[in-house]
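Engineer: Sequence:
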Amino acid sequence: YLHRAMNNPNPKVRAEAIRALGLTGGYEATDLLIQGLENADEQIRILCIRWLGRLGETRSVGKMVRMLEGKDMGAENMRIKKEIIISLGNIDEPEGYSVLKKYSHHRRLRNRSEWEEINATAKQSMEQMAQKFPHLRRR
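Heads up, the sequence shown is in the numbering used here, so the first residue is 71 and it goes up one at a time.
Hints are computed from structural coordinates only; laboratory data are not their basis. Heads up, a few of these hints could be off.
Distance condition first, Cα-Cα at most 30 Å in a straight line; then the derived DSBU-like pairs of lysine-lysine [said to hold, decoys possible]:
#1 Lys133 x Lys82
#2 Lys141 x Lys172
#3 Lys172 x Lys193
#4 Lys171 x Lys193
#5 Lys202 x Lys172
#6 Lys171 x Lys202
#7 Lys193 x Lys133
#8 Lys141 x Lys202
#9 Lys141 x Lys193
#10 Lys133 x Lys171
#11 Lys171 x Lys141
#12 Lys172 x Lys133
#13 Lys202 x Lys133
The following label-pair restraints were derived from C-beta to C-beta distances [stated by the list, open to error]:
#14 Ser168 x Glu86: 32 to 42 Å
#15 Tyr71 x Arg208: 39 to 49 Å
#16 Gln105 x Glu139: 18 to 28 Å
#17 Leu72 x Phe203: 30 to 40 Å
#18 Leu93 x His205: 26 to 36 Å
#19 Asp111 x Arg136: 11 to 21 Å
#20 Arg208 x Lys82: 44 to 54 Å
#21 Gln113 x Asn181: 14 to 24 Å
The C-beta atom is built at its ideal place from N, Cα and C for all residues, glycine as well.
Generate coordinates for the entire structure from the input sequences, incorporating the hints supplied.
Structural biologist: If you want it as structure tokens, here you go:
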């Protein structure tokens with residue numbers, strides 16, 4: 071049922087389906103949320119990213135990192151990049167720490183203020199992860 075609801079033409083129905091998946095959790099719900107990362111609707115991708123972070127779903131880290139680095143489609147704008155960085159900080163997966171470290175110093179000439187916001191968000195997420203995994207600070 072929720073799989074069909076995620077493909078409903080009404081964005082409110084899709085958003086509620088994602089919320090239900092996030093509240094339900096579990097393997098199948100996570101699979102659907104990961105599939106939602108490829109949705110054409112930016113808001114749906116953002117909601118999926120948020121719920122995967124809240125669930126601490128480690129299986130989503132690879133996909134989100136590929137999106138963040140432009141290897142997979144879906145993170146074309148700063149808003150989505152920021153959501154990915156926040157979610158990586160919420161997921162108990164040390165692999166994400168090196169990506170956060172990279173984005174804490176990442177610089178671009180265009181959209182400088184947006185990149186400064188990305189840098190600050192990555193630093194906050196790194197700190198959050200370092201509290202869970204103190205050994206990461208030595209990396």
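Engineer: All the hints need checking, so say for each whether the structure fits it.
Structural biologist: How the hints compare with the structure:
1. A threshold of 30 Å between alpha carbons decides the hint, and for Lys133 with Lys82 the separation of about 25 Å falls inside it, so the pair holds.
2. Proposed proximity of Lys141 and Lys172 is supported: the alpha carbons are some 16 Å apart, at most 30 Å.
3. Using a Cα cut-off of 30 Å, the hinted pair Lys172 and Lys193 holds, with the two alpha carbons roughly 10 Å apart.
4. A C-alpha spacing of about 7 Å is found between Lys171 and Lys193, which places the hinted pair at or below 30 Å, so the restraint holds.
5. A hinted pair counts as satisfied when its Cα atoms are at most 30 Å apart, and Lys202 with Lys172 qualifies at roughly 19 Å.
6. Using a Cα cut-off of 30 Å, the hinted pair Lys171 and Lys202 holds, with the two alpha carbons roughly 16 Å apart.
7. Among the hinted pairs, Lys193 with Lys133 is consistent with the structure: their alpha-carbon atoms are about 21 Å apart, no more than 30 Å.
8. Distance check on the hinted pair: Lys141 and Lys202 sit about 28 Å apart at the alpha-carbon level, within 30 Å; holds.
9. Distance check on the hinted pair: Lys141 and Lys193 sit about 23 Å apart at the alpha-carbon level, within 30 Å; holds.
10. A distance of roughly 18 Å separates the Cα atoms of Lys133 and Lys171; the hinted pair therefore holds under the 30 Å criterion.
11. The suggested pairing of Lys171 with Lys141 holds, with an alpha-carbon distance near 18 Å, which does not exceed 30 Å.
12. Restraint check for Lys172 and Lys133: satisfied, since their Cα atoms lie roughly 17 Å apart, inside the 30 Å limit.
13. The straight-line distance between the Cα atoms of Lys202 and Lys133 is roughly 22 Å, inside the 30 Å bound, and the hint therefore holds.
14. Restraint check, Ser168 to Glu86: a C-beta distance of roughly 35 Å satisfies the suggested window 32 to 42 Å.
15. Between Tyr71 and Arg208 the beta carbon distance is about 47 Å. The supplied range of 39 to 49 Å therefore holds.
16. Checked against the hint of 18 to 28 Å, the pair Gln105 and Glu139 passes, with Cβ atoms roughly 20 Å apart.
17. The supplied range of 30 to 40 Å is met by Leu72 and Phe203, whose beta-carbon atoms lie about 33 Å from each other.
18. At roughly 33 Å, the beta-carbon separation of Leu93 and His205 lies within the given 26 to 36 Å, and the hint holds.
19. The supplied range of 11 to 21 Å is met by Asp111 and Arg136, whose beta-carbon atoms lie about 19 Å from each other.
20. The beta-carbon spacing between Arg208 and Lys82, approximately 46 Å, falls within the hinted interval of 44 to 54 Å.
21. The hinted range of 14 to 24 Å is satisfied by Gln113 and Asn181, whose Cβ atoms lie roughly 21 Å apart.
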